[in-house]
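There are 2 protein chains.
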Amino acid sequence: MDVVDIINDLKSFRRKDIPYSRVLSSMCTSPHPIAVKAHQLFIETNLGDPGIFVGTWELERKLISMIGKLLHKNDCAGYICSGGTEANIQGIRSARNLKRVKKPNIVIPKSAHFSFEKIGDILGVRIKRVGLDEDYRVNTSEVEKKIDKNTIAIVGIAGTTELGQVDPIDELSEIAIEKDVKLHVDAAFGGLVIPFMDKKFPFDFELEGVSSITIDPHKMGMATIPAGGILFRDESYLRALEVETPYLTSKYQYTLTGTRPGASVASAYAVLKYLGFKGMKRIIERCLKNTILLVEEMQKLGFEPVIEPIMNVVSFKTKKAEKIKEELYKRRWVISTIKEPRAIRMVIMPHVNEEIVLNFIEEFKRVIKSINAI
Amino acid sequence: MDVVDIINDLKSFRRKDIPYSRVLSSMCTSPHPIAVKAHQLFIETNLGDPGIFVGTWELERKLISMIGKLLHKNDCAGYICSGGTEANIQGIRSARNLKRVKKPNIVIPKSAHFSFEKIGDILGVRIKRVGLDEDYRVNTSEVEKKIDKNTIAIVGIAGTTELGQVDPIDELSEIAIEKDVKLHVDAAFGGLVIPFMDKKFPFDFELEGVSSITIDPHKMGMATIPAGGILFRDESYLRALEVETPYLTSKYQYTLTGTRPGASVASAYAVLKYLGFKGMKRIIERCLKNTILLVEEMQKLGFEPVIEPIMNVVSFKTKKAEKIKEELYKRRWVISTIKEPRAIRMVIMPHVNEEIVLNFIEEFKRVIKSINAI
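As given, the protein sequences belong to chains B and R, one line each in that order. If you're matching positions, the first sequence starts at 1 in my numbering and goes up one per residue. If you're matching positions, the second sequence starts at 1 in my numbering and goes up one per residue.
Excised from the complex, chain B in its bound form (with noise of 0.2 Å):
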């Protein structure tokens, strides 16, 4: 086949995708201009491989201290990974084998994102869930009750995907530090979102039980896919990822995946250097601003939201909430749902502006009216 027709048939499979502009369901969003001419620059790069690409394994290093700033620890240790998932799997692989114990478990709340069961699965430690209090933030003294000699980590999350709420993680910090476990935080979505926010939620490095922080670039950091973080206290914890590496320019290999894109990384540190740290925050006062305008608009029709949104995640409480996503669906738009309580749930990412939260509720008035909903 020629350029053309190859271009062509890409085309006409890219034309069935939903456009972003109708999309409130994703975690992600579409890149920052600046973060997509980043990635075109380093197309051809491989973290994987340091002693060949110098210059982008130091972008890495400075990215990640960047980040590091931001999260109160200038000298953590991390790298750009995969997304959250491996993130996640990192920091409880990290915990595990840091202690050695023959039935290992972590203790997590009922909120943690559906990942954690396959990070479970492959790590071979059980998750035990616990409950959350009535804001749906997990409940501390439940966490500290099934804590155990086998517990290697309890998880906190900084942003919860169904509803963006954010654990005591003060509280789980010092449970932490008592309890002699580690303590990893998943703030895949709102690492880049709480720091930015007027009113404060303590979830990162400056509470001294954290030892490892999952915040993704791809998801708030409007980075290319793939690009997630995780970041550690210190060294110490990568030591426990490593691995020879016989045939490369470096010596241990502490990452999950060997060859890595360094594209995507230089997405993320282009986009954080464009827009600073006022940029990141006048973006994310958007998010917020956005997000109570929907929760206005679906207030007049009747609507209300789970909790009093914290960032720009939003659940509403209806009985009818399957029926709802799959009208909608049917129409092109994206919602999704939770079950816990039944709801539906929006995201109200950089790319649902003002006038997409409108033409959202002109078509979300007419499903609820066609499937009486309300």
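Calculated directly from the structure, the hints in this document are not laboratory data. No experiment lies behind these values; they were computed from the predicted model shown. It is possible that part of the hints are untrue.
Copies of one chain are not kept apart here, so a pair can be met inside one copy or by any two copies together.
[To be verified] With a straight-line Cα cutoff of 30 Å, these simulated DSS-like cross-link-like pairs (lysine-lysine) come out: (1) Lys325 / Lys62; (2) Lys149 / Lys179; (3) Lys149 / Lys102; (4) Lys37 / Lys62; (5) Lys69 / Lys128; (6) Lys103 / Lys146; (7) Lys69 / Lys145.
Starting from the known structure of chain B, fit chain R onto it as the hints suggest.
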């Protein structure tokens, strides 16, 4: 910072990277121009959410069946992943989940990639390494002896990292059937070489014992990073990897990562479509021709290959391997080394054309003279 400053900043890092024109150690290469074009078109796509990226998902299905066809199984199951390590993890994890034993082990050749140590650690699977015959192919009678009731899988390599050797996969297939264990073939490199070679090496699904194959488009498929591939004989292997996905447009997820770039999938598809079987064969033949050229030139200098090269990977015996590598690196040329036997190793990727081979030989001559390596 403004856009121009950021681009300049990024370029200053990128300039420190060693260009591929001086790299003879990597199993990755500059992506094909059509790969870069395709990548661009799909830059924002996320295969972790197939209900949004309906067309991109369809494209991945098509690519999997194209690769499946090449591997004698049009209707195989699988997906495009982050690379060889994830592919090998998933192959072994699937075998582990299909045969639950308390202390699972796998039997793999000594020549298997170092990442199998990582996989053993991650999955809690014991790695039993088996010796090689005089041609550095796995000793199959030793494989047979090492299989016990806790063995969940055996592994064969089609294109070893160190020498490009191919294990007797047909014999391993017989053993796998006889002993009722899975056979995972790591063809991360060789999977996109062997099908295009005149000499035949049975290694794929045409052998009935083969359960899963790692085959990476971002190596000899000239796709953008990350594009690894894991293929299974049928869907049942994927079922063994699934977890529920409450908030996504799909119900289950069998991939290791959640968010997954569609861009590199599009790139891999575009290269195979553009080149077709004949075009791929032409590129492989050129790589093999340049490998022979390198061998001839090295022989003139008194260096003998460890084995007669099978594909475009070749190692040359020398006790001064490390020293030679270091001296070349000082001059910004990258090769690698192996330990058993002590040798220097080169991979003749598509970017290593005749001119680069000859330039390399010139520098190599100066290096061996400077350190009296001959």
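Which constraints among the numbered hints does this structure fail? Numbers only, ascending. Hint check: 5 and 7 fail, others pass.
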